[in-house]
Each structure stands twice: as structure tokens, then as C-alpha cells.
Amino acid sequence: FDERGAPLAGVNVTAVNTTTNAVFFTVSNNSGEYNLSLPSGIYNISASLTNYTANITYHSILIDSSHFPILNFTMSEILGTLSGYVTNGTAPVPGATVHLRSSKNNYTGISTSPLGEYTISGIAPGTYIAYAEKQGYWTSYFNEPVVIIRGKKTVLNFTLVEQPAKLYGRVYFGDSPVAGVQVVLQSQSFSTSTTTDANGNYTLSNVPAGTYSLIFRKQGYQEKTVQITLSPFEEKRYDFSLEREAIEESGGFIPGFDLPHSLMVVALSIAIIILIVSLFIRFKIIRNPELLAQEEPEVEAKEKEEAEEEK
1 FDERGAPLAG VNVTAVNTTT NAVFFTVSNN SGEYNLSLPS GIYNISASLT
51 NYTANITYHS ILIDSSHFPI LNFTMSEILG TLSGYVTNGT APVPGATVHL
101 RSSKNNYTGI STSPLGEYTI SGIAPGTYIA YAEKQGYWTS YFNEPVVIIR
151 GKKTVLNFTL VEQPAKLYGR VYFGDSPVAG VQVVLQSQSF STSTTTDANG
201 NYTLSNVPAG TYSLIFRKQG YQEKTVQITL SPFEEKRYDF SLEREAIEES
251 GGFIPGFDLP HSLMVVALSI AIIILIVSLF IRFKIIRNPE LLAQEEPEVE
301 AKEKEEAEEE K
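Its first residue numbered 1, the sequence shown is counted upward by one per residue in our numbering.
Derived from the structure by calculation, the hints contain no laboratory data. For glycine and all other residues, C-beta sits at the position ideal for the given N, C-alpha and C.
Using C-beta positions, here's what the derived DEER-type ranges look like: (1) A22 <-> I149: 32 to 42 Å; (2) L263 <-> K224: 28 to 38 Å; (3) G95 <-> I149: 27 to 37 Å.
Just need the whole structure built from these sequences, with the hints factored in.
What follows is the structure in C-alpha cells.
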């Protein structure tokens, strides 16, 4: 039989006596059947066919009047193999699909990480067109027909050129832009990052098309992650509003503030109170200067009493 279970004609079945080295052979018919008459003895029995290989060779099989076993073979066609790497010129490109096509056959293989390597096995001999493709990249065709030889491995490498996208936007807190926010765009196969400028703007260029996690992080603010999809050559704007990080209860004695900021609020409050009291006293004196005049005789009288006591 062949690999699909179909009968296979013309298969040579050979039996070799392990004692006498006598050789006996026959050929399978159109139904894939063979019949080999053997003298009693112990035999090694094998099958062969041009461009095929047998799944098994039987060793030390006893043949006599009471032992005449039925031995089946599965014949696999010897085919070709195509393998190689898919890169962008400097780094591997995992997840690319390599196609091998002719008028009769079509084969595909997927490049795998981390090296971007692919292998296509079981290719019928012949001449093919080969190309590699992945979303976000230009399709790369091999510039010559590829000849697959039976029993041989053909090596073919592809270089994919990106169809870059661009992501930009502004990060806010309330209505105010926030500078110094780290903006990270990442997927399983690509990652890039930048930091917002003084106006809260960010730009990420030359990004391969695909679906990404977009992360915003800055100390004092809650880290946020959103999912975003970029198409080839797309220039997408994405603005984002941050939220303050929650303050731990043990941080400060004023709700919503840590200890340093709590102390700053207290100091500012005390300064404001002192200023208000000072302004109030000054206002009273300006409105009633006699208050100051009343205080001066009292002070002088007290000083005289102290002087007489000293005498």
C-alpha cells in the first residue's frame, strides 16, 4: 500500500534465507498483493520500489508448513524538502507564511520564532514558484523558479520589507498635558517605546501592522493598558487621559495626600492664618489708632513701677 492506503503495484518483495543466503523475490500486482513461495527456514523480508521507501523490514521470520505469515508493507514516496529563514534583513520574522506553488500542487509552511525558520516536507519533485508573506509586510517573491529534487533539501531564504504604520497622540491629566509619560507599544513579536514631551505629545513610527498592547506609565499615576490595532501605512492618533495613583492610607494624615504633601498643606495653612491675623491687627490699628496710644501710657507706667521697686 501507499501512504493513503491505496494498492501499489510493481513493488519488489525480497526474502533472504539467513542460513543459506538464498534469495527469493516477487512483485506486487495491481491490487498490491504478492505471494512468495519459500522453503522452510528463517528469512529477512524487505520491499522496495523506485522513489519509495518501505516502512519496515522484517527480520528472522520463521517459514515452515505451520508458519506462513502475512506481511504487509506501507510504501512512502521519497519527496523533497524546502527550508530556510524569513527575516526583515536584520532580525527574524516569525509567523510568516511561505508558499510553494505549481500548476498541480500547493504547499505552505509557517516561519517560527525565535529564528524565523520554516520547513516544508513531502514536496513532489518539480518546478515551483515560491513566495513569503505576512500582514504588515510586502510579499516577497523568489526571483527564479524553484526546482525541488526528490530526496533532497532545498534551502531558500526570504527577506520581508515592512509596510510601517504610525501611532501618535497626547497624554492628559484632566485638561492638562502630562510630560514624561512612558508610552510602550508591544506584541509578541515587536516592541517599541517613547516618552511624552513637554506638551504631552508622543509619536511611535515605523511600526509593523498588527494588534498591540499600548501601555501608559508614570510615577504618581495609575498604569493603564489598552489594545490597539494598526493597519499597513495607517497613521492613527490616540489620546489618553491618566488618573492619579491611589494614596495608601498610612501615607499621610490628610486624606488623599502622602506625608510630605500633608506637611506642605499644614505649613501653608499656618502661614495663611498668620497672614490673616496680621492683616486683621493692622486693619484694626489703622481704623482705631487710639488703641496704640492707650497701650503706650500703660507701658510707661509699668516701666516706672519697675524702676521704683529696684530703688
